[in-house]
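*Asks:* Residue numbers (this note's numbering), protein chains in the order written: chain A, 1 to 387; chain B, 1 to 256.
Any given hint could turn out to be false.
[Claimed, not checked] Pair ranges (Cβ atoms, derived): (1) Lys203/B to Phe260/A: 50 to 56 Å; (2) Gly33/A to His171/B: 41 to 47 Å; (3) Leu226/B to Asp237/A: 27 to 33 Å; (4) Gly33/A to Gly229/B: 36 to 42 Å; (5) Phe275/A to Leu226/B: 43 to 49 Å; (6) Thr9/A to Asn89/B: 50 to 56 Å; (7) Val291/A to Pro190/B: 39 to 45 Å; (8) Val291/A to Asn89/B: 35 to 41 Å.
If you are wondering where the hints come from, they were derived from the structure by calculation, not from laboratory data. Using N, Cα and C, we set each Cβ at its ideal position, and we do this for glycine too.
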Amino acid sequence: MSRLLKHLTLWRVLSAAIIIAGIYGAYVRFFVGWQASTHLSDAQPWGVWVGVGTLCGVALSAGGFAISAAVHLLGMERYRPVVKASVLISFLGYCTVCVGYLYELGLPWNMWRIFINWNRHSVLFEVAGCVILYTTVLTLEFCPNLIAKLPWVRLREGILHYEHKLAIALALIGTVLSSMHQSFLGGLFLIMQDKMYPLWYSQYIHTMFYMSALPAGLAVVIMVMYLSMRSLGAKIDYSILTDLAKVIVPMLYIYGIFRFIDLINHDGLKYMFQFRSETAYFWTEILLLVVLPIIGYSMPRVRNNPKALYWTSAVLAMGVITNRVNVSITSLEWFTHANYVPSWIEMVLMLACFVVAGIVFRLCVLYLDIFPRAQKRERWLSTPATA
Amino acid sequence: MEATKRKALLVDITQCVGCKACELKCKEVHGFPEEPATKLNDTTFTFVDERAGGKFVRRMCQHCNEPACASVCPVGAIEKLPEGPVVYNGKKCIGCRYCMIACPNEVPKYQWSKLAPYMRKCDMCADRVRNGQPTNCTEACPVGATIFGDRDAMLKEARKRLDSDPNYVQHIYGQDEFGGTSVLFISDVPFEKLGFLVPKAEKPLPALSAAALADVPTVTFVGGSLLAGLYWITQRRREVMIAEGKLKAESHEERS
């Protein structure tokens, strides 16, 4: 009994609670109905499942393509130790997004229609196509981790022999596909010129989605690597993470300046200081997404302190989440007056998917060779202290 | 299909008496519960909106010539018929609800109470219109506030009324809005005061996404080539360095 209790950490209890609540949420969503499970309405057809589940799920998973492009295509060998982990993060992120669509779509059993009924005028069709293809690419990029564990030596070596060549091709295809759908998730909102609040509508919104997804994806890599070092005994050169932070800073400057110039072009400056709730949401977003991360990442004292670096990255990730929520929900409020607040089932069902992704990440790290680890023998349900 | 075949409704707001005959007829035809409605929903495709000053405005799908809803639907479940109606094919629908959020007039509504929900909106009685018959709501109108005919003829009629009576606002709502629509309105009160959306640009909304989508092939090709080129350069530099003995062949170490 006491052995069992030792495994009951706060995080495990919390994860289990979220998953159980999520399963109940899925039951309500599929067997009781939309009105019982969500606060979506005719005025608010897209809620957090799209705003956070899809938009943020994809944006925060941008690390995979960014790191593999840097290593495989641009020869930045520096980041090779985190390629596998980044690809795994993205792979799980995209799986979460795909699973999310099972409950987000009203008629998920009709999903296969996307393969035969193509509407090439639809940005959403482009997004769906790219996400499907890129998830396939990620699966192929992830597969060698499993193949490496095959007991049949000749088969294993035979397949892995081609891995290197394939990795480069996959990195190239993945980069193109990612660039397309990362930006086109913003492109979804191009058509809503009349409905969106001027602080967020832009005819370059797709470009800005792309420019903010890159730093967000890298920030998530930093966060996950920090957590892996702490709780999974990852043996990674810490300076890789500080270097990533240094790379993010110019990206954020470019994003911030582009955003500012774009606001001037749209005559949006006059909305920046109006006494409205949108103004507060806007400044929260700018603070979390641009200002605080730039300050944090620019200070050597923060970069060289793992905990501070982690929290700076967390702020940046929150900033991107705020941005996606603002674009997809806040910006429409003045037009639709929907007064939308997500229901607890909406939140918990989405969170449960992220928690499962986290658990699968942990299992992958424990059983596959994602990165070198200090405690080799540690397995599922063994506490680091006993290893 | 030649433009003359395109039909349209003309709603003269000055003539509407607010009897709700159109609304009730529509509900009767579709077998919807006949409760008075104050907004569009999955069992209300049109209703009469009473505005301040005793004005009555019919709310319904405008049947845009280049509909945002049809352009955004990833599976092409929404279609603009050459006769005018914008119709929905539920068989193709996956339930993404992009049409709902893309429509500037918030027309598409959802069957939120169902476990297999479909989008619902006015289909301009497409089966009747195809046979040259007027819509049910037109037939129901006792005072002729809604009339039906070729779009060109409706525009001509609207123009005639505007010319003959200076009390009219000299504008036909729907002639150019959203790239032109198949439901036209004329009024003696400014449209924005009656809750009509004044679009930021008159060009059809799908053009906004089309501009970005048109860049896809170029960006893909140029970006892909650029990446391949960069890969070639880094590989070449690596080979040169190995040849010069600065780098061991197997090493994965960073080059300066």
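*Asks:* With reference to the structure, classify each hint as holding or not holding.
*Replies:* Each hint, compared with the structure:
1. At about 27 Å, the beta-carbon gap between lysine 203/B and phenylalanine 260/A misses the expected band of 50 to 56 Å.
2. Between glycine 33/A and histidine 171/B the C-beta distance comes to about 44 Å, which sits within the given range of 41 to 47 Å.
3. At roughly 30 Å, the beta-carbon separation of leucine 226/B and aspartate 237/A lies within the given 27 to 33 Å, and the hint holds.
4. For glycine 33/A and glycine 229/B, the hinted distance range of 36 to 42 Å is not satisfied, since their beta carbons lie about 54 Å from each other.
5. Between phenylalanine 275/A and leucine 226/B the beta carbon distance is about 46 Å. The supplied range of 43 to 49 Å therefore holds.
6. The supplied range of 50 to 56 Å is met by threonine 9/A and asparagine 89/B, whose beta-carbon atoms lie about 52 Å from each other.
7. For valine 291/A paired with proline 190/B, a C-beta distance near 43 Å keeps the hint of 39 to 45 Å intact.
8. For valine 291/A and asparagine 89/B, the hinted distance range of 35 to 41 Å is not satisfied, since their beta carbons lie about 48 Å from each other.
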